[in-house]
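Let the sequences and hints guide you as you build the complete structure.
The chain contents come next:
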Amino acid sequence: MPENATKNDRGLRIGVCGPVGTGKSSLIALLCRELSADLEIGVVTNDIYTDEDARFLRSAGVLDPARIRAVETGACPHTAIRDDVTANLIAVEELEEEFAPLDVVLVESGGDNLTATFSKGLVDHQVFVIDVSSGDDIPRKGGPGIERADLLVVNKTDLAPYVGVDPVAMVSDAGSVREGRPVIALSRTDPASVEALVEWVRSELARHRGGALVPADPGPMAPHFHADGTSHTHDHQHA
Amino acid sequence: MSDDLLMMLLADARLPVAGHTQSGQLEAAVRSGLTAEQVPPFMRSRLASVVRVEAGTAVVALHRLRAGLPLEPVCDAWAARTPAAPMRDTSRTLGRALLRLVRRLFPDSPHLAEVAGLERPCRPIVLAAAAATSGIAPASLGRLVAYDDLQTVASASLKLLPLDPLDATSWVHELLPGAERLATDVAPLTEPHHIPAPSAPQLDLWAQTHAHTTRRLFSA
Chain A
1 MPENATKNDR GLRIGVCGPV GTGKSSLIAL LCRELSADLE IGVVTNDIYT DEDARFLRSA
61 GVLDPARIRA VETGACPHTA IRDDVTANLI AVEELEEEFA PLDVVLVESG GDNLTATFSK
121 GLVDHQVFVI DVSSGDDIPR KGGPGIERAD LLVVNKTDLA PYVGVDPVAM VSDAGSVREG
181 RPVIALSRTD PASVEALVEW VRSELARHRG GALVPADPGP MAPHFHADGT SHTHDHQHA
Chain B
1 MSDDLLMMLL ADARLPVAGH TQSGQLEAAV RSGLTAEQVP PFMRSRLASV VRVEAGTAVV
61 ALHRLRAGLP LEPVCDAWAA RTPAAPMRDT SRTLGRALLR LVRRLFPDSP HLAEVAGLER
121 PCRPIVLAAA AATSGIAPAS LGRLVAYDDL QTVASASLKL LPLDPLDATS WVHELLPGAE
181 RLATDVAPLT EPHHIPAPSA PQLDLWAQTH AHTTRRLFSA
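If you read the sequences in order, they're chains A and B. In terms of our numbering, the numbers along the first sequence are unbroken and rise by one, the last being 239. In terms of our numbering, the numbers along the second sequence are unbroken and rise by one, the last being 220.
Calculated directly from the structure, the hints in this document are not laboratory data. Errors might be hidden in some of the hints.
Unchecked claim - Chain B residues, not near chain A, derived (Cβ > 10 Å throughout):
1. S2
2. D3
3. A11
4. G19
5. L34
6. T35
7. E37
8. R66
9. A80
10. R88
11. Q151
12. T169
13. L176
14. R181
15. D204
As the list claims (entries may be wrong) - In silico contact screen, one side only, chain A against chain B (beta carbon under 8 Å); selected entries:
16. D9
17. T50
18. D51
19. T73
20. T79
21. D84
22. A87
23. I90
What the hints assert, rightly or not - The calculated lysine to aspartate or glutamate pairs, modelled on DMTMM-like cross-linking and capped at a C-alpha distance of 20 Å, are:
24. K120/A / E93/A
25. K120/A / D158/A
26. K159/B / D83/A
27. K120/A / D64/A
28. K120/A / D103/A
29. K159/B / D51/A
A virtual CB, placed ideally from N, CA and C, is assigned to each residue, including glycine.
Here's what the structure looks like:
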């Protein structure tokens, strides 16, 4: 059965999450457009109420519509990517079986809040997407996705002048809470930023194939301080 | 160990088996006008129809697993009593979800290995294999199927209708005697042709309509 396969025998599973309207579907469409010429790709979407995201991707014409699956989550996008990933995992496995061998499966979470991140049981890597129009305080608000997703994308930088946000400061704020993890300021009208995103996926795919990629959990909790002066993350339990 | 704790484990809504994607046709029913007051009769009508088939299927499969008899006739009997293709598809998908979990819990179970060898086993047959492995009695298995359905609909109703969550749980509580009766009725069944064959054409229609809508919270 697929779950018994060692990780690098199958394709790389990348999760894309982040709040509603930050451009997750567009980012996936962009990746399909840039990568589908030489990579075999599948996509699973998790709309809360419609199959709008799946339809958007199908109509974008960047991927065979049969390779795009919509999974209904009973209004629980956070549950479906973290606590009970079963429905998504089955959709991923079905795509991988039907279109074998796939190089990359992209899983798009339903838009949720700043705390929703993927389980390691569902994806190998995850991208957290925020955008300039949500406000330049978002990176400072932090949370597991912003601080510890494998990649943070600050999207729609071309809109920055219209919403009064300095994207450079936003990326810098994000960088300061991410301890060196990558941040990409993305605009689909900026080819260099698109290239940076595509390169990130390609290099992670190479690491995955070489067995060097070890999934890391952004976790539900930020590291925090206790009154006794100790700090810790929640990789372990409170005493 | 009594089977109580294993029953609790298998009946827990927090089990990672995709339960949160299901409404038991309630979403389609609400779309076609079902009101909050009509949810308890809706649950009762499920107990009298589709749940009866599922519970009977599970109990007969449990008997055959323990007796070393083939399961294919049970699969066929269930499919013949589940005329809506989307319902069959949903049950098979949920069977796959449950099988993923119980194979992890009971990796050495020959019953689960047997069921895993079937072509897309439906959920009650997977549940029967888990019951056969963990020593759950036929009546308990029937209770498990019935209880799970009541809670699935009650939980979905909170997302679909303006309700007080205490009301929804009260409905489940009030219908427990009905679930108990159903479990008692199906417990002695041993043959595929014993599996009850009630029909609920409205539920079948709702399942089929729902499968084609593009605006929905729940998979089914």
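Restraint check, 8 Å cut-off on beta carbons, for D84/A near chain B | Since chain B brings a Cβ to about 4 Å from D84/A, closer than 8 Å, the hint holds.
Agreement of K159/B and D51/A with the hint, judged by alpha carbon distance not exceeding 20 Å = Given pair K159/B, D51/A holds - Cα atoms ~18 Å apart, limit 20 Å.
Is K120/A close enough to E93/A, meaning Cα to Cα at most 20 Å?
-> holds (15 Å)
When the least beta-carbon distance from D51/A to chain B is tested against 8 Å, hint result | holds (5 Å)
For the pair supplied as a hint, K120/A and D103/A, is the alpha-carbon distance within the 20 Å limit?
-> holds (18 Å)
Is the Cβ of Q151/B farther than 10 Å from every Cβ of chain A?
-> holds (13 Å)
Assess, step by step, whether the Cα of K120/A is no farther than 20 Å from the Cα of D64/A, and give holds or violated.
-> violated (27 Å)
Does D158/A lie within 20 Å of K120/A when you go C-alpha to C-alpha?
-> Roughly 33 Å separates the two Cα atoms, so the pair is violated.
For D204/B, is the shortest beta carbon distance to chain A beyond 10 Å?
-> holds (20 Å)
Taking C-beta pairs only, is A11/B more than 10 Å away from all of chain A?
-> holds (15 Å)
So is E37/B really clear of chain A, every C-beta pair being over 10 Å apart?
-> Non-interface label stands for E37/B: nearest chain A Cβ at 22 Å, farther than 10 Å.
Beyond 10 Å from each Cβ of chain A, as asserted for R181/B = Holds, since 29 Å exceeds 10 Å.
In this structure, the earlier hints numbered 4, 16, 25, 27 are contradicted, and the remaining ones agree with it.
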